[in-house]
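Start counting the sequence shown at 7; every next residue gets the next number (this note's numbering).
I should point out that these hints are in silico values taken from the structure, not numbers from a laboratory.
Heads up, a few of these hints could be off.
[Unchecked claim] Heads up, simulated DMTMM-like pairs for lysine to aspartate or glutamate below, C-alpha to C-alpha not over 20 angstroms straight-line: (1) K36 <-> D78; (2) K36 <-> E81; (3) K36 <-> D110; (4) K36 <-> D109; (5) K36 <-> E62; (6) K36 <-> E137.
The structure presented is a predicted model; accordingly, all values stated were derived computationally and were not measured.
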Amino acid sequence: MVRYPVPAVGAVIVRAGALLLIQRGQAPGKGLWSVPGGHVEWGESLTDAVRREVWEETGLTVEVGALAGVRDYIERDGDAVTHHFVLLDYYATVLHGTARAADDAAALRWVPLAELSTLNITPALLDLLRELGLM
Numbered sequence: 007m008v009r010y011p012v013p014a015v016g017a018v019i020v021r022a023g024a025l026l027l028i029q030r031g032q033a034p035g036k037g038l039w040s041v042p043g044g045h046v047e048w049g050e051s052l053t054d055a056v057r058r059e060v061w062e063e064t065g066l067t068v069e070v071g072a073l074a075g076v077r078d079y080i081e082r083d084g085d086a087v088t089h090h091f092v093l094l095d096y097y098a099t100v101l102h103g104t105a106r107a108a109d110d111a112a113a114l115r116w117v118p119l120a121e122l123s124t125l126n127i128t129p130a131l132l133d134l135l136r137e138l139g140l141m
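Just need the whole structure built from these sequences, with the hints factored in.
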């Protein structure tokens with residue numbers, strides 16, 4: 007059986023020195039903190055996927071900006087790969103709405119950049135935040 011990585015998107019939203027994070031409510035990465043995001047649906051553009059995922063998980067409407075970074079997210083159980091995503095994270099700006107955790111987000115927080123190291127963040131996002139100079 008041939009398997010392929012799943013494309014997924016995320017939104018890097020920084021406002022007033024804080025990054026918007028959601029706590030993942032489902033596997034993979036259940037309980038870890040990450041940016042809002044998720045799978046790209048069949049026939050959906052990457053930027054449309056970012057807007058939809060942010061809306062579903064946070065209730066916010068965003069304008070999608072430039073690509074912030076690309077990462078692999080691979081989970082294993084021993085030698086077996088259980089999840090493999092290619093993550094495309096985009097900068098985004100809030101246009102309107104009130105932030106609240108919804109869909110598969112267990113919690114939502116605006117985290118001051120200086121406090122990011124205190125959270126249990128997904129490994130792929132941790133790498134991206136370091137590369138972007140946010141940590």
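The hints, checked one at a time:
1. K36 <-> D78: Holds, because 17 angstroms separates the two Cα atoms, which is no more than 20 angstroms.
2. K36 <-> E81: This hinted pair holds, its Cα atoms lying about 12 angstroms apart.
3. K36 <-> D110: Status holds; Cα separation ~10 angstroms.
4. K36 <-> D109: holds (13 angstroms)
5. K36 <-> E62: Cα-Cα ~17 angstroms, so holds.
6. K36 <-> E137: violated (24 angstroms)
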